[in-house]
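Work from the hints to combine the two standalone chains into their complex.
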Amino acid sequence: MKILIVDDEPLFCELLKAELSACGHTNVHSVNSGAEAISSIKTAETPFDCALLDIDMPGIDGIELCRLLRFEPLTADIPLVMVTARSEVESVDKAFAAGATDYLTKPIDRRDLRGRMTMASAMARERVARKTTLANNKKTEQFPFEEACRLEAEYACIDYLALQNYVLKLGSMRMFNHVAIGFQVANARELFLTLDNSAFRETMSDIAEVIVEATMSGNPITSYAGSGFFVVLFDRHSATCPERLADQIEQRLQILNGWYAQLGQLPVRIKIGAPISRGLVSLRSPVEILEKALINTKKPITTLGGLQEEDAIAQIQSQPGE
Amino acid sequence: MSKEAKLNDALTQVRSKFVVSCQERSQTLLEAMRALETELDQPEALAQVRRECHKLAGLAGSIGFTEIGNLAEVIDTRLKEGRAGWVVIEPMVKDLLQRLEGIKK
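Residue numbers (our numbering), protein chains in the order written: chain A, 1 to 322; chain B, 1 to 105.
One or more of the hints may lead you astray.
[Stated by the list, open to error] The calculated DSBU-like cross-link candidates involving lysine-lysine, where the alpha carbons are at most 35 Å apart (straight line), are:
no.	chain 1	residue 1	chain 2	residue 2
1	B	Lys80	A	Lys42
2	B	Lys80	B	Lys94
3	B	Lys6	A	Lys292
4	B	Lys6	A	Lys169
5	A	Lys17	A	Lys42
6	A	Lys2	A	Lys42
7	A	Lys17	B	Lys94
8	A	Lys94	B	Lys94
9	A	Lys94	A	Lys2
[Stated by the list, open to error] If you want a taste of the chain A side facing chain B, the calculated C-beta under 7 Å gives, among others:
no.	residue
10	Phe12
11	Lys106
12	Pro107
Bear in mind the hints are in silico, worked out from the structure with no lab data behind them. Quick reminder that beta carbons are idealized off the backbone N, C-alpha and C, glycines included.
Okay, chain B solo, but in the shape it has when bound (with noise of 0.2 Å):
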């Protein structure tokens, strides 16, 4: 097999386990939005929001899931600076789980 098709091999076999993740990833944000729901306040829930995200931006847009990598990133970086609220955030976060929903399927 030659170099090239080794590494489409591979890479296909990641997306294919991130397709997989996909399921957890989402109930890992659907956990922390939970949270969020019943209190605003939450640093530790917007954290986990923050790094489900941050590991999505580095992951999806490596492997060609660029939509999804660049909505991450948009939401990464939002939480990041700390300068947009909750209410700012949530529907972004509602359009990611939108996506990884729609990538499952």
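Chain A with its partners taken away, still in its complex shape (with noise of 0.2 Å):
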């Protein structure tokens, strides 16, 4: 696995240097600026499969390089983890919305950086062989309808493992301050079956535009978890009243219909879950919270985009007794 360390000091990328040797990484080269980063990926003759960034840096910081690193090709869909300063824990947020996979922090400690390193190798190598797979068959993407793919979306719309991860290091204090909310194309099977791959993945990046755009007032960060799941964590101060926030996804999902309506394509129909959150003296882990929300959708509180006699029956038998 080729590596690239960003960190302007650099006795710390010669530090990380050794330790990455140590754990059999011996491919690994540094860089103490963003531009430097970005100059280094672009001339490479063979590319990275992995970057280390640290956050604060002076001229483009970590944050902004892992955003631009995300818009560049040769890099973005590779793992991207950030080192950072336990003071800079909170920016491990924004981090992640621009499209970082997983964090360390500063100072090192080695074996959280080898279970880091091992997780990101196997990022790395199912990414080789994706792009394999996609070569020997003629350009033609495949991947099983479970598979969290990754979106083309224009906004931020992080791999299920890096949210995963973003939880996990929030921990259960700071997940208390956060509300997750499950969506389910719930046609999302008929759609895999009629089209392809490719154009599967291009509908579900659309849905995620679609959740983004609608719930950008709350500061989201949006998953696809595969099968036509998608996961949004909010701040829960911040977060849209559940009705309007179906309002606001029904507008931009009308729109969506009518264009997929021209191209001859199904319309997308999606059921939201109920919000979950966690309570201060709650037992489930932050990944639970997560999960929690994905089964929530099998009892939606609305089906946007047209309702279907099961929803309708689902609907009506979740709704409380008068």
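Here it is as structure tokens:
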């Protein structure tokens, strides 16, 4: 795995190189600024498979660099691990929203570094395998319905694995300040069966944009979890009420379904689950909150884009009796 | 040479270079302190102190100079929060300088 370290402290780069070498990563390069990183990535003979980015750097800081690398085709889907001082933990929220995969705190803990790099290596291997499969299949993309494929949303829509890392790092106490809402594309399987993989990914990317646009005021972090499921994490204090959120999504979905009709594509229906947050004494782990948000779409508070018979029945059953 | 031995060797080198670099780091902090002695309202000098402490917090703690790392982290955090004035920060920076001086010997 070819790794790029970006940190304005040259001795810290040297230290990381030594630690990475001890866990088997010897193809490691380092630069001391965001501008140098961009230049190295663009001129490298073989592309980088992973980057470790310091957050607080003069010039282009790590968060901005992370955002820029997500727009750069050579690094759009590589693992980006933020390396940050403990005093900047709040910056990590912004880093994940900018597309970071994971983060490490300084001073470096050897076990933590090794654990994070094992995960980054697995992601990088999976990425190479995906690209190889794509090349072998004459550029026809293939992935299973259940896969949390990377979306090409214009706005921030992070990997589900990155979202899980994020909530784990937030920890139970900070998770208290967030609300999670699950969304499910009700007819996702039907879409998957009728569209090719690439068109399915584009449709899910469109839905991600609809969700992100409609939830923008709540500082959302959105993620695609596979099988047509999305989960959005909001600030508890700035989260939009579910009814208003549904209105905003419905408006956008109507326009989107109008375009799909012109293309002869099935309209998309979206189920919205009840919001879920963690109480201060809750036994649920942060990752379980995400899973519960997804489960809540089974009994949706509303279904948008047209109601089918089974959805209507489910909704009636989920209403409290008079 | 085993991986562990190579790592220890590399860490020893990083520590040695760090000790040598302390002279320059102290100089940077002293220059900023002098600037702040003449006038307190010097955002550039405060930023210089914070930048140096930020680097020390990440590096020193990672290579076994835990006390320097912890003290630098406190200064970095206080300056970042902007709640403590120079009157509070200055003794901490002097303490940090003494510790940097200590490891040079």
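Hint by hint, here is what the structure shows:
1. B:Lys80 - A:Lys42: 34 Å, holds
2. B:Lys80 - B:Lys94: Between B:Lys80 and B:Lys94 the Cα gap is close to 18 Å, so the pair holds against 35 Å.
3. B:Lys6 - A:Lys292: 47 Å, violated
4. B:Lys6 - A:Lys169: The given pair, whose Cα atoms are some 32 Å apart, holds under the 35 Å limit.
5. A:Lys17 - A:Lys42: The hint holds at about 21 Å.
6. A:Lys2 - A:Lys42: Since the Cα atoms of A:Lys2 and A:Lys42 sit roughly 14 Å apart, the hinted pair holds (cutoff 35 Å).
7. A:Lys17 - B:Lys94: Given that 35 Å is the threshold and the Cα spacing comes to 32 Å, the pair holds.
8. A:Lys94 - B:Lys94: Holds - the C-alpha atoms of B:Lys94 and A:Lys94 are around 34 Å apart, at most 35 Å.
9. A:Lys94 - A:Lys2: 26 Å, holds
10. Phe12: A:Phe12 check passes; min Cβ-Cβ to chain B is 5 Å, inside 7 Å.
11. Lys106: OK, holds: A:Lys106 within 7 Å of chain B, min 4 Å.
12. Pro107: Cβ of A:Pro107 sits 3 Å from chain B, so the hint holds.
The earlier numbered hint that this structure contradicts is number 3, and it is the only one.
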